[in-house]
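Q: Here are the chains, one letter per residue:
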Amino acid sequence: MAKVVLKLEDDVSTDVIYPGRYMATVLPSETPKYAFADHAVFNEKLNQGKIPAGSILVAGLNFGCGSSREQAASCLQGHGLIVLAKSFSRIFMQNAVNVGLRVAVVSELEAKEGDELELAPNRVTNRTSSRDFAIQVLPKAYREIMEGGGLIAHARKKLLERTHRTS
Amino acid sequence: MGMTLAEKILAQSAGVQHVTEGDVLEAKVDLAMSHENAALVINQFMDIYQGTDLKPNVWDPDRIAIVFDHRVPAESSKTATNQKKVRGFVEQQGIKKFHDVRGDRGGICHQILPEFGYVHPGQLVVGTDSHTTTHGALGALAFGIGATEMASVWALGTLRVEVPKSIFVNIYGHCPPGIYAKDIILNLIGKISSQGANFRVLEFHGEAIDAMSTSGRMTLCNMAVEAGATAGMVQGDKETVNYLIGHAGLESIDVDFPMADYDAVYTERIDINASTLSPQIAVPHAVDHVCPIHDVEGIRIDQVVIGSCTNGRIDDLAVAAHTMRNRHVAKNVRVLVFPASWKIYREAMDRGYLDALTNAGAVIMNPGCGCCLGVHQGALADGETALSTTNRNFKGRMGNPNAEVYLCSPAVAAASALKGYITDPRNN
Ligand code: SF4
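Line by line, the protein sequences are chains A and B. Position in the first sequence (from 1) plus 799 gives the number in the numbering used here. Position in the second sequence (from 1) plus 590 gives the number in the numbering used here.
Isolated chain A, as found in the complex (with noise of 0.2 Å):
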């Protein structure tokens, strides 16, 4: 079980989950710092280790909007949050499968700040309201890379497996 610790609205961009101010900072050890740099109360709360890790933030539709910076996705995985949004723009979704951010696409999720959920590979209870979500399957290409612990190492043993045929 795992509370809901932050309710965003949609179309939440790059720029509110990490500044571009922060983009010059880079390393995945580095970024969590700046998550949610500009709202200063949840930040704080993170940087004090006030919010456990397996922690749920709810999205609407199209979470992670705009630039491409990965920081915005590893800022998050640092934390150890999981999101769960009615939709994910391509790039931040990508992203978050590359790095190993956790996120699942509930479209019909309802749950406000507060409520305990709990998740399942296939749905979301939300035990408060006692209501029942199907979380949607994603691609076989992102769950390859999931599953194999990120795109590193995916691209690890690609590169291992082209240069042994090769060779």
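Some hints could be false.
[As the list claims (entries may be wrong)] Computed cross-link-like contacts, DMTMM-like style, restricted to lysine to aspartate or glutamate with a CA-CA straight-line distance of at most 25 Å:
(1) K1009(B) <-> E994(B)
(2) K668(B) <-> E843(A)
(3) K957(A) <-> D613(B)
(4) K832(A) <-> E843(A)
(5) K755(B) <-> E858(B)
(6) K675(B) <-> E829(A)
(7) K885(A) <-> E611(B)
(8) K755(B) <-> E943(A)
(9) K956(A) <-> D637(B)
(10) K844(A) <-> E917(A)
(11) K885(A) <-> D613(B)
(12) K618(B) <-> E960(A)
(13) K921(B) <-> E937(B)
Simulated from the structure, these hints should not be mistaken for laboratory data.
Let chain A serve as the given structure and place chain B with the ligand on it in line with the hints.
A: This is chain B with the ligand only, laid out in the frame that chain A set:
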């Protein structure tokens, strides 16, 4: 069943006869672009080689382009250190399409790639920047990817792509005076919303597109991503050839461009009549909050920004210079002009545009992204309003979440700068 332009290019890149929406392919990349964020790509790239006994060499240094533009010259020691790291890598890997902070070959990545003749019709282009969609203006399939994805491309030369659906956008009629590509694309985004084309390609057709310069097509494709589109595309044609030979300095070009089939399948068709458009404005804080200028005329502005990969080209500066020549920027308004490249800067200087603009009170900044993403120059104060020819007005985009950004064409920006409030350029 026929293929769309994007499907044609993906089939070719994957070496297969036919592809259809939803197919997952391993496609060969023709050009892979990064900017300062190459520093992160290098980090992830090295990570891929961890624990293998392979030497970390990129798959093809001639297919990689790196352009410094987001923070030039470096605004902090952190950026300077990132840029230094990238220079070292470029040197070591023999990457020649490298554009450092230089007056002879510098500029914004999305301007440099076409300007130096790197992008051709039919190519598959990826970049670690969401506005990589710009290059669809030259008939390429071009889209943004993240840094780790790019690291994987550097290692493998291929990219896994799921074939996207395409939307047929027909722009008919002709732009009346005072109406530009920017007004067309803002209108479209307002119509279909910022997610209206998510996971899809916008394929632009119609008489207005046929008559449009490559520069205008770049404005359209640049902002395709603001509707969520994977890519925006215009088929290569005579204009593309003229651009590549006349402007980009190529000696010749293979004109056997891929074209969409007449029986290609689109998920949707959108028609826009260019001849009935009025100037369009995106109001804070979303690019799809679009209204005709009439609704926002009179709103006071503090800063005007003319530039960016959307509207920092020579024709954009020409419009601004003609509007502002022998006139003066209103009191308490700052006008910042960012030419999209140094080549454009020099051309604007030769044509007297920079003279006209500075005499009117505008400040010419060095080519680059400037205040477009709020990390470098031209920050806004709390409560201030900017009118900008850039492509995003998200909260905080220009560096201050307590400021507001309106988006418009260079014509609206220049005319409004003179008045100090948003005004219709057709009345001036
Ligand atoms: S000008 Fe703005 S939108 Fe274009 S590449 Fe630079 S930061 Fe991105």
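Q: Indicate, hint by hint, whether the structure satisfies it.
A: Results for each hint:
no. : hint                 : result
1   : K1009(B) <-> E994(B) : holds, 18 Å
2   : K668(B) <-> E843(A)  : holds, 23 Å
3   : K957(A) <-> D613(B)  : holds, 20 Å
4   : K832(A) <-> E843(A)  : holds, 9 Å
5   : K755(B) <-> E858(B)  : holds, 9 Å
6   : K675(B) <-> E829(A)  : holds, 17 Å
7   : K885(A) <-> E611(B)  : holds, 22 Å
8   : K755(B) <-> E943(A)  : holds, 22 Å
9   : K956(A) <-> D637(B)  : holds, 12 Å
10  : K844(A) <-> E917(A)  : holds, 23 Å
11  : K885(A) <-> D613(B)  : holds, 24 Å
12  : K618(B) <-> E960(A)  : holds, 17 Å
13  : K921(B) <-> E937(B)  : violated, 29 Å
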